[in-house]
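Number of protein chains: 2
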Amino acid sequence: MSDKLTGGGEFDFIERVRRRELARVPDNRHSSLITHHSSLLKGIGDDAALLRPRAGFDLVITADLLVEGVDFRLDKGWTTPRDLGHKALAVSLSDAAAMGAWPCFCLLSVGVPRALWRGRFLEEFYEGVRALADVYGVRIIGGDTSRTTGGFVVDSVVIGEVRRGRALTRGGAAAGEQIFVTGSLGGAAAGLKMLEGGRARASRGLLARQRRPEPRVEWGALLSEKGLATSLIDLSDGLSSDLMHVCRESGVGARVEAASLPLDPLLAQTNVGADEALRLALDGGEDFELLFTASTRQAARLPREVGGVPFTRVGEVTAERGKVRLVRDGRASLLKPGGFEHFRRDS
Amino acid sequence: MSDKLTGGGEFDFIERVRRRELARVPDNRHSSLITHHSSLLKGIGDDAALLRPRAGFDLVITADLLVEGVDFRLDKGWTTPRDLGHKALAVSLSDAAAMGAWPCFCLLSVGVPRALWRGRFLEEFYEGVRALADVYGVRIIGGDTSRTTGGFVVDSVVIGEVRRGRALTRGGAAAGEQIFVTGSLGGAAAGLKMLEGGRARASRGLLARQRRPEPRVEWGALLSEKGLATSLIDLSDGLSSDLMHVCRESGVGARVEAASLPLDPLLAQTNVGADEALRLALDGGEDFELLFTASTRQAARLPREVGGVPFTRVGEVTAERGKVRLVRDGRASLLKPGGFEHFRRDS
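Read top to bottom, the protein sequences are chains R and H.
Number 306 in the numbering used here belongs to position 306 of the first sequence; there are no gaps in the numbering.
Number 430 in the numbering used here belongs to position 83 of the second sequence; there are no gaps in the numbering.
Take the hints with a grain of salt, since some may be wrong.
In silico contact screen, one side only, chain R against chain H (beta carbon under 10 angstroms); selected entries [unchecked claim]:
{"hint": "1", "residue": "Leu41"}
{"hint": "2", "residue": "Lys42"}
{"hint": "3", "residue": "Leu50"}
{"hint": "4", "residue": "Asp71"}
{"hint": "5", "residue": "Leu74"}
{"hint": "6", "residue": "Ser109"}
{"hint": "7", "residue": "Leu195"}
{"hint": "8", "residue": "Gly198"}
{"hint": "9", "residue": "Asp234"}
Everything labelled a hint here was simulated from the structure, so no lab data went into it.
By construction, the Cβ of each residue, glycine as well, lies at the ideal position given by its N, Cα and C atoms.
Isolated chain R, as found in the complex (with noise of 0.2 angstroms):
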């Protein structure tokens, strides 16, 4: 790690973060749920990171870069600096849940123009990672800094850690077990559609699925550690792409009932109709809920709410490998990934 900028004496976001993760205190708000925690030897202010894993824990590492102008704008109010930097560890975090993991490290590298270096955009930014990591006793523990000459860019990197053979992938689905979700659907893709559209009917609430994502880090950590599920991703693409992912690496098929999808309760106060708020809720993305697949026997074990956030049975695995299908109105068609068409009502 080292901090381009520091030598020219502009900023040193890193070292402000440095000072302050010294400062924090420890949040153990999940300690219930989650007793263990690899040992951070080594933080911020050393040429990396130095740890000491747990033994019999395995580890998680997911990056995900989110860059201005592509996946968010900072013109026209699309969002603010403290969302960002809270969707910008949300996201990752999500990945790590999507294993079964619990995060415990964060490495910020970010990429600042010129026209945000003085102003109190890195300090928000920071104070939106900063709530959602204490949320979880997330510890920011590196990263690098540098100038852009072009937009804001973050790469968030998240360690987690899971109990020893005890990570979910996307592989472990097999014929006849059942499909769930957490949470709802099509919320954070009917957010974006209210930004992109100008936001003339904006709900509040659907922009916020929309900037501020919350992970199911609880959900992930429930499922691995009670042996609840046999596959697990969480929903960045959208259902039909993500359940797909599931599809190929198990070598199974699904099969989505279009009526059980648990749409996000929002929708129905907007001028969404039926068709659009399915399209929303399979092909949307970024409602980062988790999908996981259960035996009938797991199943039977689940609990009915993690945190507040339900689940809902959306469906089966069947054996038509490759192949997932949603069945409306007792008919069934084929679902490509992000490929759903809208029904004709005659059909």
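Start from chain R and add chain H according to the hints.
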């Protein structure tokens, strides 16, 4: 991890990397030195990579962000995609080496401008990464891909392992110890000067020092494995800055002998004068050599060279906390980070 370009079908860099990684035959060139490696349970292709850390080893992790137009240029033949891939990985390998760790895994997040999507750029960039990774048996286990509306950006994350409790930080130096550097100094900065000056008198060797730095992985691993150093850092910012980091973290001072600095021998073939050569060696940066401190007893056990790279004693640790002094022609002056001032002839 998600590949936001996959959906659009434009390209899928990480997926291509995945296929090649699966097909790759591990390189065992260094197996005589390092036989330990954490297990990779799942690489590219799930929500996160999954590792099983090897018992008895600590892990280091580091991130380095390189931004086009700031950290490198692609125009005017400054570098090639292949050399850029090499350097992106090299800088992070160097950070791992600077903890005494052997690099094992890498995640690469790349932001790619539209103009570079379709050509050979990413292929060649990856080949550069891959060739260096092969030298040390590093596996590419994840990352992310996005478009950018600006230039090319890459965040290179490296995970390394070091025998438990053997990691070397910046904080272990004690007064009376000796200071050493590996290899030679000033070459990378001289290469940069040539690029900036239009390469009228470019030395291929100095350009290579700038474009394709060689991380001192074997040296770092040996120093920690054999317990031959008390502190360790890599020379990324320049000796004057990096030695100050060691002094601050260790609560010591240092005295450096100008005459003992191992100037890059290629500097003698240029029109760079003695003052300028000294300045490049002290402040130039990007040599990615290692600087370490060792007791007399440790120093006596140092091998003459490691992998063809020798070391040089450049000074000693003093009790003058936070002060680095440069001795030249029998006169000592205070050396500030990045702030070497030309000596006047009569001083």
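Structure versus earlier hints - violations, ascending order: Structure breaks hints 5, 7 and 8.
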